[in-house]
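A.B. asks: Chains as they are written, first to last, in numbering that gives the first Met the number 0: chain Y, 0 to 72; chain A, 0 to 72.
Derived from the structure by calculation, the hints contain no laboratory data. Please note that the accuracy of each hint is not assured.
Not the full set, but computed from the structure, chain A residues with beta-carbon under 8 Å of chain Y [to be verified]:
id, residue
1, V7
2, Y25
3, I45
4, S46
5, L48
6, F49
7, A54
8, P59
When the alpha-carbon atoms are kept at most 30 Å apart in a straight line, the in silico BS3-like pairs for lysine-lysine are as follows [said to hold, decoys possible]:
id, chain 1, residue 1, chain 2, residue 2
9, A, K6, Y, K64
10, A, K21, Y, K21
11, A, K58, A, K21
In this text the structure is predicted, and so the values were computed from the model without any measurement. Ideal placement from N, C-alpha and C gives every residue a C-beta, glycine not left out.
2 protein chains.
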Amino acid sequence: MVEVFGKVLRELRTERGISQEKLAEYCDLDRTYISLLERGQRQPTISTLFKIANALRIKPSDLVKNVERELPA
Amino acid sequence: MVEVFGKVLRELRTERGISQEKLAEYCDLDRTYISLLERGQRQPTISTLFKIANALRIKPSDLVKNVERELPA
């Protein structure tokens, strides 16, 4: 599941043409942390999830919906 | 926001007549952790969020939507 979140995060970020550096800056997070999230090696808390969603201009619930869709049924 | 998540968690759990003990058991979490979450003193990771949502028989994205609705605009 954490891998799926990382995949969805990368897709959303690259679709918006935002670099890891830029996203980290918007969220006041470290770039390496964004990279670890995208590789499924860290997982966000709910408040980090909200921060990232806001930076990507997507509702947190829609971001979670994307993760749900990509999870095996 | 973490306080709002705690409030939503308590509402959903009590609406379903599930005790903290029972929810902790369903999620393979510690009861005191559930209590800390409900009091906004801990926040869930995304995988804990999914575990709790499944135990409460609500989609994770709907649980997050409830949190969004209760956050100040």
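A.B. asks: Hints first: check each against the structure and report whether it holds.
C.D. replies: So, going through the hints one by one against the coordinates:
For V7 of chain A, the suggested interface contact is broken, since its CB lies about 10 Å from the closest CB of chain Y, more than 8 Å. Contact between Y25 of chain A and chain Y, as hinted, is not supported at the beta carbon level, the nearest pair being about 17 Å apart and thus beyond 8 Å. Checking I45 of chain A against chain Y: minimum C-beta separation of about 5 Å stays under 8 Å; hint holds. Interface hint status for S46 of chain A: upheld, as the beta-carbon distance to the closest one in chain Y is roughly 5 Å, under 8 Å.
Restraint check, L48 of chain A versus chain Y: the minimum CB separation of about 6 Å is within 8 Å; hint holds. Taken as an interface hint, F49 of chain A checks out: its beta carbon lies about 6 Å from the nearest beta carbon of chain Y, inside 8 Å. Against a cut-off of 8 Å between C-beta atoms, the interface hint on A54 of chain A is violated, since the closest Cβ of chain Y lies about 15 Å away. The beta carbon of P59 of chain A comes within 5 Å of a beta carbon in chain Y, closer than 8 Å, and the hint placing it at the interface holds.
Under the criterion of a C-alpha separation no larger than 30 Å, the hint pairing K6 of chain A with K64 of chain Y is consistent with the structure, at around 22 Å. Between K21 of chain A and K21 of chain Y the alpha-carbon distance is near 43 Å, which puts this suggested pair outside the 30 Å criterion. Our distance criterion of 30 Å between C-alpha atoms is met by K58 of chain A and K21 of chain A, whose separation comes to about 19 Å.
Going down the numbered hints, you'll see the structure goes against 1, 2, 7, 10, while the others check out.
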